[in-house]
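Start from the sequences and build out the full structure, keeping to the hints where you can.
Number of protein chains: 4
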Amino acid sequence: MTRKPPTVPAALEPEFVAELKQIFEERIVFNRVLGIRVDHLGPDGVRAEIAMRRDLIGHYAYNRLHGGVISAGLDAMAGLAVMAAIGARHMDEPPAQRLQRFARLGTIDLRIDYLRPAKPRSGITAEAHCYKLTRSIAFVRAQAWDESADDPVATAQAAFMLTGAPA
Amino acid sequence: MTRKPPTVPAALEPEFVAELKQIFEERIVFNRVLGIRVDHLGPDGVRAEIAMRRDLIGHYAYNRLHGGVISAGLDAMAGLAVMAAIGARHMDEPPAQRLQRFARLGTIDLRIDYLRPAKPRSGITAEAHCYKLTRSIAFVRAQAWDESADDPVATAQAAFMLTGAPA
Amino acid sequence: MTRKPPTVPAALEPEFVAELKQIFEERIVFNRVLGIRVDHLGPDGVRAEIAMRRDLIGHYAYNRLHGGVISAGLDAMAGLAVMAAIGARHMDEPPAQRLQRFARLGTIDLRIDYLRPAKPRSGITAEAHCYKLTRSIAFVRAQAWDESADDPVATAQAAFMLTGAPA
Amino acid sequence: MTRKPPTVPAALEPEFVAELKQIFEERIVFNRVLGIRVDHLGPDGVRAEIAMRRDLIGHYAYNRLHGGVISAGLDAMAGLAVMAAIGARHMDEPPAQRLQRFARLGTIDLRIDYLRPAKPRSGITAEAHCYKLTRSIAFVRAQAWDESADDPVATAQAAFMLTGAPA
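Residue numbers (our numbering), protein chains in the order written: chain A, 1 to 167; chain B, 1001 to 1167; chain C, 2001 to 2167; chain D, 3001 to 3167.
Please note: incorrect hints may appear among the correct ones.
Said to hold, decoys possible - Restricting the straight-line Cα-Cα distance to at most 27 Å, the calculated cross-link-like pairs of lysine-lysine (DSSO-like) are:
hint, chain 1, residue 1, chain 2, residue 2
1, A, K119, B, K1021
2, C, K2119, B, K1132
3, C, K2119, D, K3119
4, A, K21, B, K1119
5, D, K3119, A, K132
6, B, K1132, D, K3132
7, D, K3132, A, K132
8, C, K2021, D, K3119
9, A, K132, C, K2132
10, C, K2021, C, K2132
11, B, K1119, C, K2132
12, A, K119, D, K3132
13, D, K3021, D, K3132
14, B, K1132, B, K1021
15, C, K2132, B, K1132
Derived by calculation from the structure, the hints in this document are not laboratory data.
See the structure below:
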């Protein structure tokens, strides 16, 4: 089977990466509640960890991660992947200008497939990459796993508007 | 246009309702983080409120609810709607026995359409109803709004397995 | 449960309805292959019939409708519902001008839930309504049934761009 | 970014491949209407061509493929990918026995993202692979393109029940 090769745009500047990471982890308040820590942010995609905590459990008796943590985490990561792709496309703009595009980004829809229950020992990893970016719209694929990327607990697809949320 | 009339099964016993509400609000830990309070739980569907808090904001500068709060909230409410439907179908079983079915409920997938940004003054309301329940599978439709049910911020559809999460 | 009341815009002019129906049924060639006949086209939604034919069967041994007929039919009806909604919003424009908007309509995504196998005796009915229309985007809900609207075989949700397909 | 390596099960026997291909192309009548020709059918996925024909056009003035052809084609290919995966898992069963599993396969849901309009010169190619197969459920990812696999016109995700359609 032919597989789509990853597009390879320019690398992002450390300055842009650091600022976007900071906005994402700290100023988007609910991401702090989830405890998302970004460990990769590049034109090829983004990856983050959510450390397991008692707060994030579904039913107390089962120690399974709440499905909503996965849906919220993949939702957040999908948006970050679009920002990384936008950042790579507009390298001619200063970082601060590109970062303002974040405010105009609106999710159109998100679909999550839950492949199996997540029973993480230490946490989950989520990664997302924007595989289609036009002037007005972006499509993202994402996945999350507990032990191995080869055995994901959930996969997701999302579509975004770049020109402001629907109004 | 013909609209599907709501199916009208028997009402749920107060005992079942109280116990399910308590499990949902308290023992599913992440629901406490979201602050979901159920105000209707019947065979016709479920409804809950999530009070606005600073924790639930997306970007600090915009006061918009984080998309992940909506996705996590609709995810949780969709599961509760299936439990209400199961509860109504198995009225011959004692409440405790029906409640154990919760543990075998697994989300297959969830799709959320974000119709517009949520800028709630006091909070959001989410409702869900299970419109198809077979022995092995359930389909749910849900929506969330900030000011009026006539102008939702998001709608969702979800499918569930009743026989244990995929394994 | 509070239910969203249907929005009630002005009725569409017979001239617009006749022309849109003709484009949809005749000039969109694949719709002729499916054999879709529109029997309602209004601001409140659209409804059509697909008569059962041997061509539309899935596996020969089971007489079930091919899932692809349902997905293609719901896809087509969802687009028609957006056109009806656009037609109702721009009553100040002459019909011919409104009909040209059809060419700029692009599907962003479509999700179909298959509730049960379709074993139609005479055919299936599909209806769709556009429940959110902004300047740039539209959201549609649709369903199909064989015997009764109360027992659909499939439900669908779709999102559309009004400003040309993504490019 | 870590990418999931393709699982590499045993190859399928020519006998099974030939029989499944024949059922899919000939006995599933609507697939003949679409004109799907399978050119790869293996444990790693399936691929087929739909040759362009006037019948498959959307609006006559634009020569774009009808979105319903893409949705129906991806729907069909997703099911075939599950059958290929089932075929590879049960190599201990005679081909005829494995093929009977086809009748019990039911689509739960299908989501299609339309990345751009399809304006094929000669036709479209669709490929699908089943990336998760349990005893009761299967998840599939699929895509279609006109000129190059690196620039798809649509991507899809689907979930299937293996134990009979919901009833």
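Results of checking the hints against the structure:
Distance check on the hinted pair: K119/A and K1021/B sit about 24 Å apart at the alpha-carbon level, within 27 Å; holds. Restraint check for K2119/C and K1132/B: satisfied, since their Cα atoms lie roughly 18 Å apart, inside the 27 Å limit. Taking the CA atoms of K2119/C and K3119/D, the gap is about 34 Å. The hint is violated against a cut of 27 Å. The suggested pairing of K21/A with K1119/B holds, with an alpha-carbon distance near 24 Å, which does not exceed 27 Å.
A threshold of 27 Å between alpha carbons decides the hint, and for K3119/D with K132/A the separation of about 18 Å falls inside it, so the pair holds. Taking the CA atoms of K1132/B and K3132/D, the gap is near 25 Å; set against the 27 Å cutoff, the hint holds. A hinted pair counts as satisfied when its Cα atoms are at most 27 Å apart, and K3132/D with K132/A qualifies at roughly 24 Å. Distance restraint check for K2021/C and K3119/D: the Cα-Cα separation of roughly 24 Å lies within the 27 Å cut-off, and the hinted pair is therefore satisfied.
With a C-alpha separation of about 25 Å, the suggested pair K132/A and K2132/C falls inside the 27 Å cut-off, and the hint holds. Note on K2021/C and K2132/C: the hinted pairing holds, with a Cα-Cα distance of about 22 Å set against a maximum of 27 Å. Distance restraint check for K1119/B and K2132/C: the Cα-Cα separation of roughly 18 Å lies within the 27 Å cut-off, and the hinted pair is therefore satisfied. For the suggested pair K119/A and K3132/D, the alpha carbons sit about 18 Å apart, so the restraint of at most 27 Å is met.
At roughly 22 Å between alpha-carbon atoms, K3021/D and K3132/D fall within 27 Å of each other, so this suggested pair holds. As the CA atoms of K1132/B and K1021/B are separated by approximately 22 Å, the hinted pair is consistent with the 27 Å bound. Distance restraint check for K2132/C and K1132/B: the Cα-Cα separation of roughly 24 Å lies within the 27 Å cut-off, and the hinted pair is therefore satisfied.
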